[in-house]
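Trainee: Those sequence lines, one after another, are chains Y, A and P.
Residues in the first sequence are numbered from 1398 upward in steps of one, following this note's numbering.
Residues in the second sequence are numbered from 170 upward in steps of one, following this note's numbering.
Residues in the third sequence are numbered from 1341 upward in steps of one, following this note's numbering.
Calculated from the structure, these hints are not laboratory results.
Where hints are given, some of them may not hold.
To be verified - Straight-line distance between alpha carbons at most 25 Å, and here's what the computed DSS-like set of lysine-lysine pairs gives: (1) Y:Lys-1628 - Y:Lys-1538; (2) A:Lys-180 - P:Lys-1376; (3) Y:Lys-1573 - Y:Lys-1438; (4) Y:Lys-1573 - Y:Lys-1628; (5) Y:Lys-1453 - Y:Lys-1408; (6) Y:Lys-1628 - A:Lys-506; (7) A:Lys-180 - Y:Lys-1410; (8) Y:Lys-1441 - Y:Lys-1573; (9) A:Lys-396 - A:Lys-323; (10) Y:Lys-1416 - Y:Lys-1628; (11) A:Lys-249 - A:Lys-396; (12) Y:Lys-1573 - Y:Lys-1408; (13) P:Lys-1376 - Y:Lys-1438; (14) P:Lys-1376 - A:Lys-556; (15) P:Lys-1376 - A:Lys-323; (16) Y:Lys-1438 - Y:Lys-1656; (17) Y:Lys-1408 - Y:Lys-1438; (18) A:Lys-396 - P:Lys-1376; (19) Y:Lys-1663 - A:Lys-180; (20) A:Lys-237 - A:Lys-249; (21) Y:Lys-1410 - Y:Lys-1441; (22) Y:Lys-1573 - Y:Lys-1507; (23) A:Lys-443 - P:Lys-1376; (24) A:Lys-343 - A:Lys-237; (25) Y:Lys-1416 - Y:Lys-1573; (26) Y:Lys-1453 - Y:Lys-1538; (27) Y:Lys-1408 - Y:Lys-1628; (28) Y:Lys-1438 - Y:Lys-1550; (29) A:Lys-249 - Y:Lys-1628; (30) A:Lys-343 - A:Lys-238; (31) Y:Lys-1441 - Y:Lys-1408; (32) Y:Lys-1408 - Y:Lys-1507; (33) P:Lys-1376 - A:Lys-249; (34) P:Lys-1376 - Y:Lys-1410; (35) Y:Lys-1656 - A:Lys-180.
As the list claims (entries may be wrong) - Non-contacting residues of chain A with respect to chain Y, defined by C-beta distances greater than 12 Å in every case (computed): (36) Ala-182; (37) Leu-190; (38) Leu-191; (39) Trp-212; (40) Ile-252.
Please read these numbers as outputs of a predicted model, since none were measured by experiment.
All residues carry an ideal CB built from backbone N, CA and C; glycine is no exception.
Residues per chain, in single letters:
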Amino acid sequence: MKNTRTVNLEKNKDSYSLKFNAMASPCEVIIQTSDEELAVKLGKLVSAEVWRIEDKYSRYDQNSLCSAINNNAGQSVVIDDETFQLLSFADQCYQLSDGLFDITSGVLRKVWSFQSQYNSKTNFPSAAQINTTLLNVGWNKINFDPKQITLAKGMEIDFGGIGKEYAVDRGIIVAKELTNQPVLVNLGGDLAVTGARLNNETWQVAIEPPDIDSDLVNGHEKTIDMIVSLKSGALATSGDSKRFLIHKGKRYGHILNAKTGWPISKAPRSITVVAPQCIQAGILATFALLQGCDAEEFLTNQEIKFWARR
Amino acid sequence: MKSKIDKINIKSALTVATVALLGTSSLAQAESSSTSSVQDSSWEFDSAFLFYSEVDRVSAGEAILNAKKTFDNDEVLNLKLTIDTLTGASANGAVAQPTVQTFTRPSGNGQYDIAAGDTPLDDTFHDTRVQLNGQWTQPLAPDYTVSGGFHLSKEYDYLSLGINGNIAVDFDRKNSTFSAGFSYFQDTFTPEGGIPNPLTSMLIGNSDASTWDDSFAQTRIGSEDDKTTTDILLGFTQVINRRMLMQFNYSYSMVDGYLTDPFKILSVVNNTGKTQDYLYESRPDSRVKQSVFAQSLYHFDSSVLDVSYRYMWDDWEITSHTIDSRFRIPLGDGFGKESYIQPHLRIYQQSAADFYRPFITDDEALPAFASADYRIGEMTAITVGFKYGMLVNNGHELSFRLEYYRQTPTNAGFDEPGVLNDVELYPTVDAIIGQVTYSF
Amino acid sequence: MMKTKIQRMLLISTLVAMSGCSSLGVEPWERDLLAKDEMSLSAEPIDAALDDHIYFSKEASSGGKGFGGGGCGCN
């Protein structure tokens, strides 16, 4: 079920905001300009690119390439260069994370259902259920090349871990092709900028504390306790603030260890990472979370700028 | 034990993978900083050298090294080392005469002559001072910050020890802040030549004579004295809007002890303005000062204006007004990386202390207190200058400051009998200030 | 009698002025300009310390923004 695909224009003091919904998130493109026509054009361009990626890689969309691949598990499916590059990237992530990050782990959602804390239905799986499902997880069972991909029967791929960040980076690329004005692309909290604002000023980004459920924002006083000044590059936040479940008093985040099928324990509630590209930031944040209690140490060793909240 | 990711550089492996995915055109650096406290526990240093020089008078050089370390939880340690040195001549308080004048040095060891018509200046001052400050600041509870520190300053004839404490409370989304602080200083003064007997004559003669030392000792009442300074400071800061911030302070200060300047004298003149005698000055042994201060910072599109006003009044009948303003203009990267220029203007005006007088006349009774030190007389002063700063080497700031400071003492309503009409009783003092600062 | 009336009026006007303060201020995400170094009240502490020392030595006033304090034998 698609949301209505409209782009709303908002005029600010020294910039325009283009707002739209995509990938189940509120999205915003900010351009620092007084040229309204340019802003509208940019909004159309970026939103079109984001929706294009959503239509192609969303597993919720039956017409997407992702669904085509998943529905034809066991058979070879033709892919294009962009998809091949994304799969290669996912492959790199699988290698670098030693198998913890695996885009075939999406099937585990069938036994785990992480709802907002206000949904009373909690589905806590048994070890047997998880083990059965794990048989259908494993990037090493995939076979792909520049022209095609073949999944084993029962397997699925899910671009959820990299799709939004990829869309942010693509959004920046198309924005730079259109204009030299400072632009910020924000898809649900994963964002990137084309460069510094005018007069070499920084973009001010407010980071939400992990306790706030986005569903409650309107009726709830939003307390932001951190502002990040971004001059260039991207920022991505990974965490369980929005999707988790509570079982017997313990909180289980939705980031699953692809090898065991269980949520990562002792992970920080949220990690925000700064990196040159959004996809890099997002992966590093996820990699860090996958380290559980060693998350901060991992990022410090890699000399990456980050903020973790426990 | 979970499998740890190999310490092979994940960051660079990912960069390679990202380039493959997005193309090299999107390769950029990421630059960011955060305005809340995060893992930044490195030392920040500021080093500065200042040069102050008055025309024909005092010159001073001062060097500062400041080290600041921010710990987790917003705790800050600040250590500062200051070294300064003073040379040159200062006015000794006597008035100029159409004839040569002779004075005894403060130590008693020798005399010096002043040419006819010249303002008497004593050039025996050269001293080096070392100062150490330490300050610790930390949050006490959300919205409560406390700070405490010490001060130690030593020069050849002076020792100062001090402590301070302060508490600040934030309100309303940290838009308003109340603060209250106190400081206490204990100073000991051991002037060369000892403490002179106030309002008694300066002994002038031959320092090499065998009787000199005894006679000189008779003019002294002690070798050292001290004073304490207690300050209370109340402040209120308010964010007005996105561009503007204001601060209001009230301070109350009590100084007790030896407040006289043992090196300063007054001329006693007759009705034709000719000097008959020199007397050591005398000031009260306590002073209570109060001040109110207001400052405003305003951010225009790219430049920032800083204007402040202070009004001070005390129980010596001195009142003063100070207006200080700075205007910071960013110059972009054209004149040096992220450079700026900041013109500065300061205007100061003070009224004379009630016991200030440029000289004493020999036909009046000796007052209880008297001083001819122009620094507590009526005066206006203006400072004009500018500062230029830029980034060098990895974001370190280098800046230069050049200022012109002109003090103009004025006549607070005293008659100028006889020959005093023909000499300059209120000479202007001009000074140049130059400073280099490097932060790393 | 008159004095207490004036005191009460002063107190009331101060409270009114302070309640007006709640309309002043910014939300945390509007602190972009205020967060800059040059908008800090203690923006140039080294310059301030050096200047304070000069003016404490050459003039009769000191402090106001910070402590006036003793500290050296220059006045």
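Trainee: Taking the hints in turn, state whether each one holds.
Mentor: Consistency of the hints with the structure:
For the hint linking Lys-1628 of chain Y to Lys-1538 of chain Y, the alpha-carbon distance of about 42 Å lies beyond 25 Å, and the restraint is violated. Note on Lys-180 of chain A and Lys-1376 of chain P: the hinted pairing is violated, with a Cα-Cα distance of about 30 Å set against a maximum of 25 Å. For a cut-off of 25 Å, the pair hint linking Lys-1573 of chain Y to Lys-1438 of chain Y stands: about 13 Å separates their Cα positions. Under the criterion of a C-alpha separation no larger than 25 Å, the hint pairing Lys-1573 of chain Y with Lys-1628 of chain Y is consistent with the structure, at around 16 Å.
Simply put, Lys-1453 of chain Y and Lys-1408 of chain Y have alpha-carbon atoms about 31 Å apart, too far for the 25 Å limit, and the pair is violated. Pair hint Lys-1628 of chain Y plus Lys-506 of chain A holds up; C-alpha atoms about 15 Å apart against a cutoff of 25 Å. For the hint linking Lys-180 of chain A to Lys-1410 of chain Y, the alpha-carbon distance of about 38 Å lies beyond 25 Å, and the restraint is violated. Taking the CA atoms of Lys-1441 of chain Y and Lys-1573 of chain Y, the gap is near 14 Å; set against the 25 Å cutoff, the hint holds.
In summary, the hint linking Lys-396 of chain A to Lys-323 of chain A is supported, as the alpha carbons are separated by about 15 Å, within the 25 Å threshold. The suggested pairing of Lys-1416 of chain Y with Lys-1628 of chain Y holds, with an alpha-carbon distance near 22 Å, which does not exceed 25 Å. Note on Lys-249 of chain A and Lys-396 of chain A: the hinted pairing holds, with a Cα-Cα distance of about 24 Å set against a maximum of 25 Å. Straight-line distance between C-alpha atoms of Lys-1573 of chain Y and Lys-1408 of chain Y comes to about 21 Å, which keeps the hinted pair within the 25 Å bound.
Of the pairs offered as hints, the one joining Lys-1376 of chain P and Lys-1438 of chain Y is violated, with about 32 Å between alpha carbons and a cut-off of 25 Å exceeded. In summary, the hint linking Lys-1376 of chain P to Lys-556 of chain A is supported, as the alpha carbons are separated by about 18 Å, within the 25 Å threshold. Between Lys-1376 of chain P and Lys-323 of chain A the CA atoms are separated by roughly 37 Å; this puts the pair beyond 25 Å, and the hint is violated. With a CA separation close to 45 Å, the supplied pair Lys-1438 of chain Y and Lys-1656 of chain Y exceeds the 25 Å bound.
Among the hinted pairs, Lys-1408 of chain Y with Lys-1438 of chain Y is consistent with the structure: their alpha-carbon atoms are about 14 Å apart, no more than 25 Å. For the proposed pair Lys-396 of chain A and Lys-1376 of chain P, the alpha carbon gap of about 41 Å is over 25 Å, so the pair is violated. The hinted pair formed by Lys-1663 of chain Y and Lys-180 of chain A meets the criterion: a straight-line CA distance of about 23 Å does not exceed 25 Å. As the CA atoms of Lys-237 of chain A and Lys-249 of chain A are separated by approximately 9 Å, the hinted pair is consistent with the 25 Å bound.
About 21 Å separates the Cα atoms of Lys-1410 of chain Y and Lys-1441 of chain Y, which keeps this hinted pair within 25 Å; it holds. Of the pairs offered as hints, the one joining Lys-1573 of chain Y and Lys-1507 of chain Y is violated, with about 40 Å between alpha carbons and a cut-off of 25 Å exceeded. Restraint check for Lys-443 of chain A and Lys-1376 of chain P: the C-alpha separation of about 60 Å exceeds 25 Å, so the hint is violated. The hinted pair formed by Lys-343 of chain A and Lys-237 of chain A meets the criterion: a straight-line CA distance of about 24 Å does not exceed 25 Å.
Between Lys-1416 of chain Y and Lys-1573 of chain Y the CA atoms are separated by roughly 19 Å; this keeps the pair inside 25 Å, and the hint holds. Of the supplied pair hints, the one linking Lys-1453 of chain Y and Lys-1538 of chain Y holds, its CA atoms being roughly 23 Å apart against a limit of 25 Å. This hinted pair checks out: Lys-1408 of chain Y and Lys-1628 of chain Y have alpha carbons roughly 22 Å apart, not beyond 25 Å. Between Lys-1438 of chain Y and Lys-1550 of chain Y the CA atoms are separated by roughly 44 Å; this puts the pair beyond 25 Å, and the hint is violated.
The hinted pair formed by Lys-249 of chain A and Lys-1628 of chain Y fails the criterion: a straight-line CA distance of about 32 Å is larger than 25 Å. For the hint pairing Lys-343 of chain A with Lys-238 of chain A, the CA-to-CA distance comes to about 23 Å; that is within 25 Å, so the pair holds. Distance restraint check for Lys-1441 of chain Y and Lys-1408 of chain Y: the Cα-Cα separation of roughly 16 Å lies within the 25 Å cut-off, and the hinted pair is therefore satisfied. Proposed proximity of Lys-1408 of chain Y and Lys-1507 of chain Y is contradicted: the alpha carbons are some 43 Å apart, above 25 Å.
Only pairs whose Cα atoms come within 25 Å are accepted, and Lys-1376 of chain P paired with Lys-249 of chain A is accepted, the gap being roughly 24 Å. This hinted pair checks out: Lys-1376 of chain P and Lys-1410 of chain Y have alpha carbons roughly 19 Å apart, not beyond 25 Å. At roughly 23 Å between alpha-carbon atoms, Lys-1656 of chain Y and Lys-180 of chain A fall within 25 Å of each other, so this suggested pair holds. Distance to chain Y contradicts Ala-182 of chain A as a non-interface residue, since its nearest Cβ pair spans about 6 Å, not more than 12 Å.
A beta-carbon of chain Y is positioned within 12 Å of the beta-carbon of Leu-190 of chain A; the least distance is around 5 Å. Distance check for Leu-191 of chain A against chain Y: the nearest CB is about 5 Å away, which does not clear 12 Å, and the non-interface claim fails. Annotated as non-interface, Trp-212 of chain A keeps its C-beta farther than 12 Å from every C-beta of chain Y; the closest such distance is 18 Å. For Ile-252 of chain A, the non-interface assignment is confirmed: its Cβ lies about 36 Å from the closest Cβ of chain Y, beyond the 12 Å cut-off.
In summary, the structure is inconsistent with hints 1, 2, 5, 7, 13, 15, 16, 18, 22, 23, 28, 29, 32, 36, 37, 38 from the numbered list given earlier, while agreeing with the others.
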